[in-house]
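> As a plain string of letters, each chain reads:
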Amino acid sequence: MIPRIYIPADSGALALGAEKVAKAIEKELKERGVEAKIVRNGSRGAYFLEPMVEVATDKGRIAYGPVKPSDVKSLFDSGFLTGGHHKRWLGTPDKIPFLAKQTRLTFARCGINDPLSLDAYKSLGGLSGLQAAVAMAPADVVKQVTESGLRGRGGAGFPTGIKWKTVLDTASDQKYIVCNADEGDSATFADRMIMEGDPFVLIEGMAIAGIATGATKGFVYIRSEYPHAVATMNKAVAIARKAGVLGLNVLGSPNAFDMEIRVGAGAYVCGEETSLLNSLEGKRGVVRAKPPLPAIQGLFGKPTVINNVISLASVPIIMDKGATYYKDFGMGRSRGTIPIQIAGNVKHGGLFETAFGLTLGEIVDDIGGGTASGRPVKAVQVGGPLGAYFPRALFDTPFDYEEFAKRDGLIGHAGITVFDDTADMLKQARFAMEFCAIESCGKCTPCRIGSTRGVEVLDKVAAGIEAEKNLALVTDLCNTMKFGSLCALGGFTPYPVMSSITHFPEDFKPAPARVAAE
Amino acid sequence: MTMQAASTEIASRTAAIIDEMKGIEGPLLPILHSIQDEFGYVPKDALPVIADGLNLSRAEVHGVVSFYHDFRAKPAGRHVLKLCQAEACQSMGSDAVAAKVKQLLGIDFHETTRDGSVTLEPVYCLGLCACSPSAMLNGEVIGRLDDEKIEEIVAEVRS
Numbered sequence: 048m049i050p051r052i053y054i055p056a057d058s059g060a061l062a063l064g065a066e067k068v069a070k071a072i073e074k075e076l077k078e079r080g081v082e083a084k085i086v087r088n089g090s091r092g093a094y095f096l097e098p099m100v101e102v103a104t105d106k107g108r109i110a111y112g113p114v115k116p117s118d119v120k121s122l123f124d125s126g127f128l129t130g131g132h133h134k135r136w137l138g139t140p141d142k143i144p145f146l147a148k149q150t151r152l153t154f155a156r157c158g159i160n161d162p163l164s165l166d167a168y169k170s171l172g173g174l175s176g177l178q179a180a181v182a183m184a185p186a187d188v189v190k191q192v193t194e195s196g197l198r199g200r201g202g203a204g205f206p207t208g209i210k211w212k213t214v215l216d217t218a219s220d221q222k223y224i225v226c227n228a229d230e231g232d233s234a235t236f237a238d239r240m241i242m243e244g245d246p247f248v249l250i251e252g253m254a255i256a257g258i259a260t261g262a263t264k265g266f267v268y269i270r271s272e273y274p275h276a277v278a279t280m281n282k283a284v285a286i287a288r289k290a291g292v293l294g295l296n297v298l299g300s301p302n303a304f305d306m307e308i309r310v311g312a313g314a315y316v317c318g319e320e321t322s323l324l325n326s327l328e329g330k331r332g333v334v335r336a337k338p339p340l341p342a343i344q345g346l347f348g349k350p351t352v353i354n355n356v357i358s359l360a361s362v363p364i365i366m367d368k369g370a371t372y373y374k375d376f377g378m379g380r381s382r383g384t385i386p387i388q389i390a391g392n393v394k395h396g397g398l399f400e401t402a403f404g405l406t407l408g409e410i411v412d413d414i415g416g417g418t419a420s421g422r423p424v425k426a427v428q429v430g431g432p433l434g435a436y437f438p439r440a441l442f443d444t445p446f447d448y449e450e451f452a453k454r455d456g457l458i459g460h461a462g463i464t465v466f467d468d469t470a471d472m473l474k475q476a477r478f479a480m481e482f483c484a485i486e487s488c489g490k491c492t493p494c495r496i497g498s499t500r501g502v503e504v505l506d507k508v509a510a511g512i513e514a515e516k517n518l519a520l521v522t523d524l525c526n527t528m529k530f531g532s533l534c535a536l537g538g539f540t541p542y543p544v545m546s547s548i549t550h551f552p553e554d555f556k557p558a559p560a561r562v563a564a565e
Numbered sequence: 005m006t007m008q009a010a011s012t013e014i015a016s017r018t019a020a021i022i023d024e025m026k027g028i029e030g031p032l033l034p035i036l037h038s039i040q041d042e043f044g045y046v047p048k049d050a051l052p053v054i055a056d057g058l059n060l061s062r063a064e065v066h067g068v069v070s071f072y073h074d075f076r077a078k079p080a081g082r083h084v085l086k087l088c089q090a091e092a093c094q095s096m097g098s099d100a101v102a103a104k105v106k107q108l109l110g111i112d113f114h115e116t117t118r119d120g121s122v123t124l125e126p127v128y129c130l131g132l133c134a135c136s137p138s139a140m141l142n143g144e145v146i147g148r149l150d151d152e153k154i155e156e157i158v159a160e161v162r163s
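So the protein sequences, as listed, match chains A and B.
Read left to right, the first sequence gives residues 48 to 565 (our numbering).
Read left to right, the second sequence gives residues 5 to 163 (our numbering).
A portion of the hints provided could be inaccurate.
[Unchecked claim] Quick list of in silico lysine to aspartate or glutamate cross-link-like pairs, EDC-like style, CA-CA up to 16 Å:
hint: 1; chain 1: A; residue 1: K115; chain 2: A; residue 2: E75
hint: 2; chain 1: A; residue 1: K474; chain 2: B; residue 2: D99
hint: 3; chain 1: A; residue 1: K67; chain 2: B; residue 2: E144
hint: 4; chain 1: A; residue 1: K148; chain 2: A; residue 2: E328
hint: 5; chain 1: A; residue 1: K349; chain 2: A; residue 2: D220
hint: 6; chain 1: A; residue 1: K349; chain 2: B; residue 2: E29
hint: 7; chain 1: A; residue 1: K115; chain 2: A; residue 2: D166
hint: 8; chain 1: A; residue 1: K67; chain 2: B; residue 2: E156
hint: 9; chain 1: A; residue 1: K282; chain 2: A; residue 2: E307
hint: 10; chain 1: A; residue 1: K264; chain 2: A; residue 2: E307
hint: 11; chain 1: A; residue 1: K289; chain 2: A; residue 2: D305
hint: 12; chain 1: B; residue 1: K26; chain 2: A; residue 2: E328
hint: 13; chain 1: A; residue 1: K330; chain 2: B; residue 2: D74
hint: 14; chain 1: B; residue 1: K104; chain 2: B; residue 2: E125
hint: 15; chain 1: A; residue 1: K330; chain 2: B; residue 2: E64
hint: 16; chain 1: A; residue 1: K394; chain 2: A; residue 2: E409
hint: 17; chain 1: A; residue 1: K190; chain 2: A; residue 2: D216
hint: 18; chain 1: A; residue 1: K120; chain 2: A; residue 2: E75
hint: 19; chain 1: A; residue 1: K148; chain 2: A; residue 2: D412
hint: 20; chain 1: A; residue 1: K394; chain 2: A; residue 2: D412
hint: 21; chain 1: B; residue 1: K104; chain 2: B; residue 2: D150
hint: 22; chain 1: A; residue 1: K289; chain 2: A; residue 2: D166
hint: 23; chain 1: A; residue 1: K529; chain 2: A; residue 2: D455
hint: 24; chain 1: A; residue 1: K212; chain 2: A; residue 2: D187
hint: 25; chain 1: A; residue 1: K330; chain 2: B; residue 2: E29
hint: 26; chain 1: A; residue 1: K289; chain 2: A; residue 2: E307
hint: 27; chain 1: A; residue 1: K264; chain 2: B; residue 2: E29
Rather than coming from a laboratory, the hints here were simulated on the basis of the structure.
Every value quoted in this text rests on a predicted model; they were computed, and no experiment measured them.
From just these sequences and the hints, can you work out the full model?
Dropping the structure here:
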């Protein structure tokens with residue numbers, strides 16, 4: 048048997064030098080006259096171990112990482128093609144603690160094989176969900192998704208099945224499935240990872256959504272900052288079309304469904320669903336007032352399912368294994384699993400899919416291993432640039448939509464950014480306002496004007512000008528933005544600002560006092 | 005390409021792109037991306053041609069082009085370096101990275117060096133948040149930036 052070497056082509060791994068490692072391995076194989084097949088897989092998401100190279104041996108896969116190009120010679124000398132020991136030896140990938148502790152449903156296949164091999168996809172259970180769906184009545188598919196308890200993984204947490212039902216029940220000559228892959232939140236990369244590592248699962252999920260609601264056309268709107276994901280998705284769609292997964296007869300059934308990949312143009316606000324629809328239509332990415340709901344009047348005024356990548360990619364397993372199987376994971380009203388993305392100043396950064404319910408402390412300290420800098424954790428921002436900063440005192444908060452809401456936070460797209468004690472929370476609060484000002488679509492006043500005024504007032508606080516009075520002003524402004532903005536950009540910017548002020552008041556003291564306190 | 009094309013040539017190449025793409029649903033953004041791929045920016049002279057081809061007003065086309073951060077009004081440098089400035093990278097010192105790069109290149113964000121070698125831009129998240137601080141150089145991703153990598157990048161864009 049020719050040995051197989053797996054080297055990730057995921058952009059996270061590429062950013063850490065996977066391409067150089069691949070070149071070094073190719074060169075070494077040639078020089079030694081050894082025959083081996085190199086497979087470019089996705090990433091399993093343990094980025095602190097990337098580039099993680101795996102070899103298929105008689106005892107199964109053996110992983111090595113993080114591999115540097117300079118390690119390659121010694122890897123060959125240690126007999127890594129048969130799993131030999133080396134300082135980068137990690138053993139069986141599934142037994143690496145960071146991966147072993149996970150419950151992988153949506154990401155079950157991500158990072159294992161060549162993402163563009165449809166055969167590999169099928170060999171690991173791919174297309175079983177779609178096969179089940181084509182044999183069912185649309186209403187039954189919707190019912191199964193509803194019963195699974197799946198909620199929108201983009202951040203809003205709206206029940207996916209209910210959205211689908213509205214589209215199914217709205218009569219129209221044309222309906223659309225739109226996948227929101229405008230993953231702009233800092234600390235999030237789950238959408239990118241699955242599109243690069245297991246693109247067929249998203250295609251399968253979208254085809255199921257089409258069959259369930261009577262939509263025949265789908266669009267994936269991917270941000271332009273993700274060129275690798277765009278390339279992989281384009282190739283995967285072409286392969287799926289050729290194989291009859293997409294087209295006039297999905298898997299040989301009478302159902303038609305096809306899709307296109309579209310690329311954004313650097314506007315964060317287009318992650319908001321109505322703004323995304325405008326952008327797809329070729330307009331300014333300005334937010335629309337709701338109602339009408341996109342499910343009734345969405346893309347080009349037609350009934351539209353608009354779901355996040357992870358929501359859609361979670362559908363195939365629900366159709367394959369059943370609603371109860373999925374629902375049995377999780378807590379309260381947060382059912383199933385969530386891919387938590389542990390990022391920023393953290394030792395073990397990466398994607399950790401698990402059932403809802405772990406506490407924030409378990410995620411940051413036990414799984415994340417604390418900060419990369421080795422300094423104490425000061426704050427963690429949960430949910431991207433619109434998420435609240437949590438202090439250590441709130442680390443007992445369980446990862447659950449409602450529990451986070453109770454503590455004036457949100458889980459958003461489940462990204463967690465860890466900051467050590469060098470973080471200045473006044474600076475972070477100011478950045479939240481500044482980011483909102485840069486990215487505001489300009490339609491509503493609280494967001495467009497409020498964010499700029501917010502930056503100015505926080506600058507006054509930083510300069511020690513009437514700090515108390517100006518903090519009261521910021522609080523009042525946040526209240527206006529929260530309740531007066533049209534969408535989550537202006538509406539949620541107060542979360543990082545107010546949580547910083549509430550939990551880290553010492554960082555907002557007038558400048559002279561701050562100096563004196565140090 | 006960095007040389008600005010003549011307006012008649014811009015118009016004819018733009019018209020060819022529009023002809024090819026106007027049949028797709030919601031064609032404006034894909035057309036603008038193609039135009040930027042073709043010229044390296046979205047030339048002002050292309051806008052009336054697009055308006056005409058898609059039966060839009062010039063104001064509408066201008067509104068769309070100016071809304072999105074990606075579309076350039078003038079050509080970029082030979083290299084485009086984007087530094088992530090979002091929260092995950094901030095937690096790993098992206099401020100200091102940006103300050104160092106700006107100092108080494110002698111330009112600020114949204115500027116191009118005088119010799120046209122490099123354009124420097126901030127970007128708000130490349131999805132490399134577990135490998136911060138990160139950057140993108142001509143579409144290639146780079147993670148865990150440190151002094152050594154910064155110097156390598158600067159040497160590359162200068163060469």
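> Against the structure, test the hints numbered earlier, and report the numbers of the ones violated in rising order.
4, 7
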